[in-house]
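Quick mapping for you: the protein sequence lines, in order, are chains F and Z. First residue of the first sequence: 1, per our numbering; consecutive thereafter. First residue of the second sequence: 1, per our numbering; consecutive thereafter.
These aren't lab readings, by the way, just hints derived from the structure by calculation. Ideal Cβ positions, reconstructed from N, Cα and C, are used throughout, including at glycine. Honestly, I wouldn't trust all of these hints.
[Unchecked claim] Think about it this way: if two alpha-carbon atoms lie no more than 30 Å apart in a straight line, the pair counts; the simulated DSBU-like pairs of lysine-lysine are:
{"id": "1", "chain 1": "F", "residue 1": "Lys73", "chain 2": "Z", "residue 2": "Lys154"}
{"id": "2", "chain 1": "Z", "residue 1": "Lys73", "chain 2": "F", "residue 2": "Lys8"}
{"id": "3", "chain 1": "F", "residue 1": "Lys29", "chain 2": "Z", "residue 2": "Lys154"}
{"id": "4", "chain 1": "F", "residue 1": "Lys8", "chain 2": "F", "residue 2": "Lys27"}
{"id": "5", "chain 1": "F", "residue 1": "Lys156", "chain 2": "F", "residue 2": "Lys8"}
{"id": "6", "chain 1": "F", "residue 1": "Lys29", "chain 2": "F", "residue 2": "Lys156"}
[Claimed, not checked] Reference listing, derived: stretches of chain Z covered by chain F, where coverage requires no fewer than 3 residues with Cβ under 8 Å from a Cβ of chain F:
{"id": "7", "region": "70-81"}
{"id": "8", "region": "294-301"}
2 protein chains.
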Amino acid sequence: MHEKRAAKSIKDLGEFGLIEHLTQSSKAKGGSTIFSIGDDCAVIERDGLSYTLVSKDVMMENIHFDLMYVPLKHLGFKAVSAALSDVFAMNGTAEQILIAVAASSRFPLEAFEELYEGIHHACSVFDVDLVGGDTSSAAQGLMVSVSVIGKVDKSKICYRSGGKPNDLLILSGDLGRPYLGLQILEREKSVFLSNPQIQPELDRFDVLVKKQLMPSARKDIIELLSALEIVPTSMIDVSDGLASELLHLCNRGKLGCNVYENKLPFHEETLLMATEFNLTPLTCAMNGGEEYELLFSISQEDYPKIQGNPHFTTIGHFTVENEGCNLIDNSGTAHPLKAQGWRHF
Amino acid sequence: MHEKRAAKSIKDLGEFGLIEHLTQSSKAKGGSTIFSIGDDCAVIERDGLSYTLVSKDVMMENIHFDLMYVPLKHLGFKAVSAALSDVFAMNGTAEQILIAVAASSRFPLEAFEELYEGIHHACSVFDVDLVGGDTSSAAQGLMVSVSVIGKVDKSKICYRSGGKPNDLLILSGDLGRPYLGLQILEREKSVFLSNPQIQPELDRFDVLVKKQLMPSARKDIIELLSALEIVPTSMIDVSDGLASELLHLCNRGKLGCNVYENKLPFHEETLLMATEFNLTPLTCAMNGGEEYELLFSISQEDYPKIQGNPHFTTIGHFTVENEGCNLIDNSGTAHPLKAQGWRHF
């Protein structure tokens with residue numbers, strides 16, 4: 001039987017669909033590749049006890065960042081932090097990074113220096129080595145790509161796919177602040193563009209803005225999990241909004257989930273500022289992103305190890321696949337989760 | 001004493017100077033990093049017997065390639081080939097790649113498909129796994145970045161720095177053809193732009209053009225060296241012109257060299273076509289690049305192992321540092337080598 005191939009566009013596919021479409025013909029040839037495309041990192045055989053983890057991110061000017069309000073130093077830090085987060089999401093330790101930078105001639109040497117100041121700062125904070133990369137000129141704009149190399153004990157690796165029904169869904173930190181930080185920066189940009197005499201009013205919002213400009217990947221959470229002797233059954237980092245990450249975990253694990261609106265962790269500033277922007281904190285959490293918090297599942301018997309720990313919030317649990325992925329609102333009604341995360345295509 | 005810091009620009013520094021300038025503050029923190037910036041790959045501890053090699057390249061539209069005459073399929077192949085060449089230059093085996101692609105909305109899905117067809121073809125030819133990466137939209141143009149992960153026996157790793165005075169300088173393949181291929185493509189582009197009715201005349205030049213569009217990294221040479229039981233004392237791949245690569249080997253090894261014009265390997269087509277472009281084959285070899293041939297040194301006692309082998313040409317030898325890096329022309333006169341390789345800044 002012939003299947004008519006549907007004409008598809010990049011917009012229809014979305015970022016994840018596009019990657020799947022382009023890489024479906026690539027099968028690992030055996031050798032040292034343990035796990036290829038479809039998780040936060042690829043996994044490579046290292047030695048008897050550990051795997052090498054590798055991942056690669058790219059950030060493009062005017063797609064991922066706007067230099068009208070993103071200082072280059074912060075951009076350098078954020079690019080590294082976001083890349084390392086992929087290694088932490090596999091329960092690994094990041095060890096090295098490679099950086100590629102391409103910039104048009106409008107960027108003088110001082111711009112490169114500022115960018116690398118942020119990169120070196122992140123290397124120091126997260127204890128990783130910058131071991132190489134590439135620099136190039138570009139016809140237009142600025143591109144920063146970070147590749148990360150990490151390591152994980154074979155007994156501790158966490159894939160997206162490892163959850164089981166009734167495992168508890170746990171989140172580090174809180175949600176929505178980087179998204180609100182972005183709203184503030186965009187608002188002040190509009191104000192400035194309409195009247196360049198007005199100075200941006202950012203002091204009042206400095207924590208929210210910093211959460212957007214300089215998010216910190218959760219190396220500390222990986223260390224805490226290790227100290228608590230918890231190996232999550234599945235894990236992912238929150239970069240594209242909670243809804244998208246929950247769907248990834250459920251799809252990969254062939255599971256459903258129930259997540260409870262009244263369990264979601266919000267900072268007080270999020271509650272206040274969401275109102276100011278006519279947004280609900282729930283929207284900021286579900287469709288915001290860039291928190292680089294860790295979302296993971298644990299078996300119920302591990303629950304006493306995290307109970308009452310202020311770094312963690314239990315937001316729901318996995319169910320069987322045919323129960324679907326649901327957000328249970330404050331009235332007890334179930335709403336199917338939809339990924340409305342950040343789409344740049 | 002105060003040193004007055006000279007005001008520098010990116011142009012003054014050049015690509016290699018810029019990388020050195022930006023990374024001079026980065027010191028490896030111990031851990032698993034064996035060798036950081038300054039060779040074809042960074043070197044990471046793997047297990048008792050082997051190291052992991054990592055490298056990252058970036059190619060930007062209208063800087064590294066012109067889509068007026070570079071088919072996307074060839075671009076995908078070349079991007080992978082060029083990246084793998086860095087692993088071969090350390091005497092290693094390439095095992096995995098990560099790809100980041102960013103493209104403006106002028107690139108439809110079919111363009112991505114074509115690019116990935118070339119990427120998959122290269123993966124198949126060189127027996128490597130595509131294990132991940134990132135795709136993004138871009139405000140303008142096309143960017144392709146390839147990161148490569150490889151492996152090398154500790155007893156076989158070749159650094160740029162390992163040469164000794166009197167070691168012989170050996171080159172695989174021949175020089176200058178990709179550069180002449182580029183001249184042909186640029187000429188046909190000018191002809192086409194001045195009169196779009198004229199069809200490009202490329203058949204006559206198809207080998208030269210293919211050497212430019214689809215260069216093949218020399219995995220076979222690494223295998224041959226292994227079969228011949230040769231471990232080069234130093235090695236580099238020829239991407240920026242022979243002069244630039246010789247200077248890298250000499251600088252890193254604190255050595256001089258004598259290289260003989262009449263020993264340089266040229267294909268018959270190079271001799272013919274250089275004349276047509278009013279170039280000397282020597283200029284094409286010294287300042288061309290993109291051959292992705294391997295330039296290495298061996299101790300004289302290994303010479304019998306390669307003597308008469310058609311894959312290899314002995315082009316000269318290392319000397320002590322204060323004798324300088326010289327090209328000895330056909331009249332026996334020594335000319336100090338200058339890197340006039342491809343500068344994109």
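Each hint, compared with the structure:
1. F/Lys73 with Z/Lys154: Not satisfied, since the Cα-Cα distance of roughly 38 Å exceeds 30 Å.
2. Z/Lys73 with F/Lys8: Roughly 20 Å between the alpha carbons, so the hint for Z/Lys73 and F/Lys8 holds.
3. F/Lys29 with Z/Lys154: holds (24 Å)
4. F/Lys8 with F/Lys27: Holds, at about 23 Å.
5. F/Lys156 with F/Lys8: This hinted pair is violated, its Cα atoms lying about 39 Å apart.
6. F/Lys29 with F/Lys156: Distance ~25 Å between F/Lys29 and F/Lys156 Cα, so the pair holds.
7. 70-81: violated (count 0)
8. 294-301: The restraint on the region 294-301 of chain Z is violated, since only 0 of its residues have a Cβ under 8 Å from chain F and three are required.
In this structure, the hints that do not hold are numbers 1, 5, 7 and 8, in rising order.
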